[in-house]
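Chains as they are written, first to last, in my numbering: chain H, 1 to 285; chain C, 1 to 796.
Be aware that one or more of the hints could be misleading.
[To be verified] BS3-like mimics (lysine-lysine), calculated; alpha carbons at most 30 Å apart, straight line: (1) C:K428 with H:K161; (2) C:K561 with C:K575; (3) C:K162 with H:K35; (4) C:K227 with C:K573; (5) C:K16 with H:K35.
[Said to hold, decoys possible] Chain H is faced by these chain C residues, among others (derived, beta-carbon under 10 Å): (6) S146; (7) L147; (8) P416; (9) I703; (10) Y706; (11) V710.
Derived from the structure by calculation, the hints contain no laboratory data. The beta-carbon is built from N, C-alpha and C at its ideal position, and this holds for glycine as well.
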Amino acid sequence: MKLFGSRQPKAKISVATAPAGEPLIKMRDIVKVFKTDAGDFTALKGISIDFYESEFISVIGKSGSGKSTLVNMITGIDRPTSGTVAIGDAQIDQLSESEMARWRGLNLGIVFQFYQLLPMLSLIENVILPMQLAEQYTPAERKDRAMQLLSLVGLEDYAHKMPANVSGGQQQSAAIARAIANDPPIIVADEPTGNLDSRSAAMVFSLFDELVQQGKTIIMVTHDRHLAAKARRTVRIHDGLVVDDGASTDVVDLSDAKPSAGAAEAATLADAQQEEVTEALKHAT
Amino acid sequence: MRPRYRKVIADLWDNKARTALVVASITIGVFAVGMISTAYLVLPEAMNRGFVAASPVNIKVATMPFGDDLIKSVSRIPGVGAAEGRQTVEVRITKADGSLENIELIATKDTGMHEININNLIEGKQVPDDNELLMWRDGMQTLGFSLGDIVTLELEDGTIRKMPIVGVVDDLTHDNATMRQPRGYITLDTVEWLQFEPIYNNMWVTVDRDTDDGNYIASVSAEVQSKIENSGRPVFFVREFTSAVHPMASIAQAVLGILSILGLLIVFLSGSLIANTLNSLITQHTRQIGVMKLIGARTQQITAIYLIEILAFSAMALAISIPLGAIAGYELSKVLSTEINVILPDRGAVPLMPLVVALQVFVGLAVPLGVGIFPIRRGAGITVEDAVTGGGKAANKESKSWFDRTMEKIKAFQGPMVIALRNTFRAKGRLALTLFTLALGGGIFIAVFNVRIALHGKVDEITGYFAADVNLDFDRNYRTEEIEQFAKQIPGVDYIEGWSITLGDIHVEGQQATKEVIMFAPPADSRLIEPVLIAGRWVRPGDQRAIALNEAYLSVNPDAKPGDQIQISVNGKEKTWTIVGIYQFTGLPEVFGYTTYETLSSEINSKFHASSYRIATQDHSLAFQQDLSAQIDAHFQKNGFLVKEAQAGGEFRETMTEQMDTIIWLLLVMALLTAVVGSIGLAGTLSMNILERTREIGVLRAIGGYNSIVVRLVMIEGLIIGLISFLLAAAVSFPISTVLSNVITIAIFKSPADFTLSPNGFLIWSLLVAILTTVASLVPARNAAQLTIREVLSYE
Numbered sequence: 001m002k003l004f005g006s007r008q009p010k011a012k013i014s015v016a017t018a019p020a021g022e023p024l025i026k027m028r029d030i031v032k033v034f035k036t037d038a039g040d041f042t043a044l045k046g047i048s049i050d051f052y053e054s055e056f057i058s059v060i061g062k063s064g065s066g067k068s069t070l071v072n073m074i075t076g077i078d079r080p081t082s083g084t085v086a087i088g089d090a091q092i093d094q095l096s097e098s099e100m101a102r103w104r105g106l107n108l109g110i111v112f113q114f115y116q117l118l119p120m121l122s123l124i125e126n127v128i129l130p131m132q133l134a135e136q137y138t139p140a141e142r143k144d145r146a147m148q149l150l151s152l153v154g155l156e157d158y159a160h161k162m163p164a165n166v167s168g169g170q171q172q173s174a175a176i177a178r179a180i181a182n183d184p185p186i187i188v189a190d191e192p193t194g195n196l197d198s199r200s201a202a203m204v205f206s207l208f209d210e211l212v213q214q215g216k217t218i219i220m221v222t223h224d225r226h227l228a229a230k231a232r233r234t235v236r237i238h239d240g241l242v243v244d245d246g247a248s249t250d251v252v253d254l255s256d257a258k259p260s261a262g263a264a265e266a267a268t269l270a271d272a273q274q275e276e277v278t279e280a281l282k283h284a285t
Numbered sequence: 001m002r003p004r005y006r007k008v009i010a011d012l013w014d015n016k017a018r019t020a021l022v023v024a025s026i027t028i029g030v031f032a033v034g035m036i037s038t039a040y041l042v043l044p045e046a047m048n049r050g051f052v053a054a055s056p057v058n059i060k061v062a063t064m065p066f067g068d069d070l071i072k073s074v075s076r077i078p079g080v081g082a083a084e085g086r087q088t089v090e091v092r093i094t095k096a097d098g099s100l101e102n103i104e105l106i107a108t109k110d111t112g113m114h115e116i117n118i119n120n121l122i123e124g125k126q127v128p129d130d131n132e133l134l135m136w137r138d139g140m141q142t143l144g145f146s147l148g149d150i151v152t153l154e155l156e157d158g159t160i161r162k163m164p165i166v167g168v169v170d171d172l173t174h175d176n177a178t179m180r181q182p183r184g185y186i187t188l189d190t191v192e193w194l195q196f197e198p199i200y201n202n203m204w205v206t207v208d209r210d211t212d213d214g215n216y217i218a219s220v221s222a223e224v225q226s227k228i229e230n231s232g233r234p235v236f237f238v239r240e241f242t243s244a245v246h247p248m249a250s251i252a253q254a255v256l257g258i259l260s261i262l263g264l265l266i267v268f269l270s271g272s273l274i275a276n277t278l279n280s281l282i283t284q285h286t287r288q289i290g291v292m293k294l295i296g297a298r299t300q301q302i303t304a305i306y307l308i309e310i311l312a313f314s315a316m317a318l319a320i321s322i323p324l325g326a327i328a329g330y331e332l333s334k335v336l337s338t339e340i341n342v343i344l345p346d347r348g349a350v351p352l353m354p355l356v357v358a359l360q361v362f363v364g365l366a367v368p369l370g371v372g373i374f375p376i377r378r379g380a381g382i383t384v385e386d387a388v389t390g391g392g393k394a395a396n397k398e399s400k401s402w403f404d405r406t407m408e409k410i411k412a413f414q415g416p417m418v419i420a421l422r423n424t425f426r427a428k429g430r431l432a433l434t435l436f437t438l439a440l441g442g443g444i445f446i447a448v449f450n451v452r453i454a455l456h457g458k459v460d461e462i463t464g465y466f467a468a469d470v471n472l473d474f475d476r477n478y479r480t481e482e483i484e485q486f487a488k489q490i491p492g493v494d495y496i497e498g499w500s501i502t503l504g505d506i507h508v509e510g511q512q513a514t515k516e517v518i519m520f521a522p523p524a525d526s527r528l529i530e531p532v533l534i535a536g537r538w539v540r541p542g543d544q545r546a547i548a549l550n551e552a553y554l555s556v557n558p559d560a561k562p563g564d565q566i567q568i569s570v571n572g573k574e575k576t577w578t579i580v581g582i583y584q585f586t587g588l589p590e591v592f593g594y595t596t597y598e599t600l601s602s603e604i605n606s607k608f609h610a611s612s613y614r615i616a617t618q619d620h621s622l623a624f625q626q627d628l629s630a631q632i633d634a635h636f637q638k639n640g641f642l643v644k645e646a647q648a649g650g651e652f653r654e655t656m657t658e659q660m661d662t663i664i665w666l667l668l669v670m671a672l673l674t675a676v677v678g679s680i681g682l683a684g685t686l687s688m689n690i691l692e693r694t695r696e697i698g699v700l701r702a703i704g705g706y707n708s709i710v711v712r713l714v715m716i717e718g719l720i721i722g723l724i725s726f727l728l729a730a731a732v733s734f735p736i737s738t739v740l741s742n743v744i745t746i747a748i749f750k751s752p753a754d755f756t757l758s759p760n761g762f763l764i765w766s767l768l769v770a771i772l773t774t775v776a777s778l779v780p781a782r783n784a785a786q787l788t789i790r791e792v793l794s795y796e
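Turn these sequences into a full structure, and let the hints guide you.
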C-alpha cells in the first residue's frame, strides 16, 4: 500500500496557452453524477463548451443548477463522471490530486466567496505562499512582487496584518492578490462579491476587468445579473445544461435570484475605479 | 430506537478513529489501574501466606556440636515454640560452566519432618535420601543446573563426591535481597559422607507467640543462649528475626508504591487525552448542538446525550481493560515474585478480584465523566446563534497573547515551515495537554536510565566494601608475603591485600546482651575501599584499636558518634576500641566494623598471616575476573594451598544488579506505557488539528499545495511538538530521577542514592520521541494529503 499515494516525478508544468483562435479551455460532453442516499443526481448533463483567452465570462444560474459544479471541473476541484476537460496542453481530468495542485499553482488562480486566506499567515505571507509552492521567482522577488500586488489592491499598509485583523473586503482583495501571485492565465472566482459591500465589490470588478485587459481569462460564478452583465460573456446554466451562452448584453431573463443590495451601485462604482486600477496593474503584471 | 440514542450510536460509529482514540485513552488508564492493583493484592497476600506457612525461624544460635538432648532441653524453655538442630557446612561445587563456587549445605536428620523454615517444593522430591541433594531454586539458576543433574562436590582434602539433584525447593523465609549464596539441603548421613561430623552446630528456634515482637524474641533468645552455655558450649553467634512480616515486604511495598504512582500518572495522562478528544468532539458538534437547540432541545437533554456517549466509550474500554489488567497484573506479580522470593498461586487460582474490578469501573467511569463534563457543559450551554455562526461575535474578537504576537513576528522561516510553526501553537490548551503527556512519559523514561546508573553506583559502593576483582579465601591462614609472591606469578594480577576477618561482640552500654560485629581488617593503606562516611573518618595507618562501624550500629546505640569508646570482645579478650567513623552500608541489620589489618591481626594473634585475600586485576571486566579467578584457584591448588574459594568480584555485583535491573525493567515498561499514552495523545492532537483545519488544507491545495507539502506541514508540526516535549522531558527527568532513585535505594539499601546522569536515557528518548512523533504524525499526514478540495467544500 502506498501511504501517501504515488509520488510522481516532478514533471515540467507549462503555462496553459492556446494558438490564436483556438479555445484555451475545452470541455466536452461533461457529465457529473453525484451518488446520494436518495439516489443518483446528475448535476451536469453532457455540457460541451469552450472558453478563450482574455475572456471575462460570468456563469449564472439558480442554486443547484450546476454552475459551481461546472467551474469545479475547470479548477480540478471535482472530476467529471464522463467527458474531458482540456486546458492548454493539459488534460486536467486525468491529473492526480497532487499533480493537479502543482498545475493549478501555475495556471489557475481561485477566488472564493469566503476569501479563504490562511489565518496563521499575514496578508503578504498569504500572497508569497503560492510563489513558494510553485517555486516561482527568487525569495527577494517574491517579497517585492507580493508587496506590488498588495499595493495594487490597496493593501500596502496592511501587508503585515493577519487576516483576522482586516475587513472582509480587504481579505477578498488580498485573496485576489494571492490568486494572481504566479501570474496565472486563468482566474476562477466563485461568488467573489457575495460577501462584500458595494464599494469592495466594485473594486473587485475593476480588478477583474483590468486583468482581462492584461490577457487573463476570468470565469466568475455569480447569482447577480447586474454584475454578470459587466462580464463580456455570460453562460447560463439550468438543470445541468447550458441554456444561454452569449455576450452579456444579450442575456435575457437572467435571474432567478434577486440582485444583491449593492450590486447595481457596485456596477457603477466599478467603472469609476477601473482607471486607477488599470494603472497599478500595469506595474504589477 | 429513540432518535437521541440513534444519534449516540451514529456518533460512535461514524467517526471510528475518534471512538478508537477515546476508548484507547480510557483503556490505558483503566488497564494500568487493573494491573497494578491486582499485583498490589496478589503479591503481599502470597508473600505473607508463604512466609507464615514456612514457619520462619526466630532465633539462630551457632555453637559447638550438640545432639538431640540439647534440642529437647531447649524446646522445653517457656516461650519456645519449636527447636531444631541443623548442621551447616560449606563445600566447593563445580558449576555447569566448569567453574567452582562455594555452596552452603544445610543438614538435618529428616528434612521431611521440619517444623522451622519449611521448604516449599518446586519440583522433584521433598525429602532427599542419603547422598542426594535438594537444591534451592535460586541456586539452581546461579549454578546452571536442572533437576536430575549430577553435581560434583570438592571436599577440603580434594576428594570428589558426586550427588544427584533430586528436588528443587524454595526457602520462602529467605531474608537477603542482595547477596545470594547457593544453598542445598542434605541428610546428616550425607554430611558424614562429605567428611564432616554428623552432628548439629546450629540451633534454630521459633517462639510460641508475638513473632513480631523483637523484645519478646530477645528475651526467649537470652534463655536459649543461657541453656546452651549451661550445657558447656560457647555461643558463637546469635541472630534474631521477627516473623510476622516478610523480610522483603518493605521492598515489595516500595516497588509497588512506585508502580502505583506511575499508574496514577497514567490515569491522569489518559484523562488529559480524553479531555482533549472530548473537547474536539464538542467543537465539531457545535452546529449540531445549535440545530438541536433550534428544534427545542434543552441544555440538560443535550448534556445527557453526550454523557451517554461517554458512558458508551467507558463501557467499551472497561470490556477490554478489565480482563487485560487482570492478566497483566498477574504477570507483573510473577516477575516481582521471583525477585522477592514469593511463590504465586497458579494463574487459574487468581480470578478477577471484585475490589480491582470495582476500582477499574470507578476509574473507567469517573475519569471520563469528570474530564468530559466541562466541554459538554460548555457545548450544551452554547447559544443557537453562536452555534450556527461557529462561535458568533465573541469568536471574531480574537484576543492575542504576547506569544501569538511573537509567533507572528517570526520571519526566520518561510512558507510551509512558518505555517507548521504557527499551527503548532494555535490550539494551546490541546498542545499543553499533549506536551504534558509526552514530556512526563519522556521524563520518566529518561529518569529510569539515570536511576539504573544510580542503583548500579550504589551496588558498586556496597560491593566495594567486601569485594575486589577477585576474592581469594583459604581454609587456613597463610603468610601474606608468601601468598603475594605466588599471586604475582599469575599474569593479570595487579596487587593483592591480605585481610583479617573475624567475629567480635560489642558490649552495648546498659544492656546485658552483646551485639555481634563482623570485623574486616584490610591493610591500613588499602586502595580497595572507598567508604561513604556518615560521620567521622575512615581508619588510618597508626590507629590503635580504632574501628569504623556501619549505620546498623546506630540501631543498637542511636547516640553513637565518632570518638566514643566501646568494649569489644575479640578472640575472647574484651578491650576498649574507639569509634572513628560511621559509614553507610546496605541497611542490613548486621553490624560490620572496619579496622586495620595491623590492629586486628595482632588481636587474633595472626600477624603477617591471613586466610582472606583481595586481588586487584589489570582488567576489571567480569570475563577477565572470572578467567583469572579460575587461574588463581588452579595455581594455588597446584602449589599445595588449601583454597576455599576464588571468586570474581564482578559476580557479587552481577547478582545484585540483576535484581536491580528487574525493577528497572518494570519501571521502563511503565515509562513506555506513559510514552505510548503520549504518542496516542500526539496522534489524536494532530488528527483533531487536521480535522479542524480541513478548510485550510483545501485552500492550500487550491493555491498549489501538492501532497508532499501537505504531508510536510503535518510532520513538521508533529516533530516540533516532539522536540518541545523532549526539552521538557529532559528538564523534568532531573527531579523524577532523584525521587525514584531515592525511593528505591532507601527501600532496598536504607540509604539514598547519589544523583547520576546517564546520557543513554537522553539519547534513547530523543530517538524514541522522533520515532513516536513520526509514527503518530504519519496517519494524520496521510489523511491530510488525501483530502480533496471538494471534501473541503462539503465540510464548509
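Each hint, compared with the structure:
A hinted pair counts as satisfied when its Cα atoms are at most 30 Å apart, and C:K428 with H:K161 qualifies at roughly 21 Å. Distance restraint check for C:K561 and C:K575: the Cα-Cα separation of roughly 18 Å lies within the 30 Å cut-off, and the hinted pair is therefore satisfied. Taking the CA atoms of C:K162 and H:K35, the gap is near 86 Å; set against the 30 Å cutoff, the hint is violated. For the hint pairing C:K227 with C:K573, the CA-to-CA distance comes to about 23 Å; that is within 30 Å, so the pair holds.
For the suggested pair C:K16 and H:K35, the alpha carbons sit about 23 Å apart, so the restraint of at most 30 Å is met. The beta carbon of C:S146 is not positioned within 10 Å of any beta carbon in chain H (closest approach about 48 Å), and the interface hint is therefore violated. Against a cut-off of 10 Å between C-beta atoms, the interface hint on C:L147 is violated, since the closest Cβ of chain H lies about 51 Å away. Annotation: C:P416 was flagged as interfacial toward chain H, and the flag holds, the nearest CB pair being 8 Å apart, inside 10 Å.
Because the closest C-beta pair between C:I703 and chain H is about 4 Å apart, less than 10 Å, the hint holds. The criterion of a C-beta within 10 Å of any C-beta in chain H is met by C:Y706, whose closest approach is roughly 4 Å, and the hint holds. A cut of 10 Å between beta carbons decides the hint on C:V710: the least distance to chain H is about 9 Å, and the hint holds.
Going through the hint list in order, the structure does not satisfy hints 3, 6 and 7.
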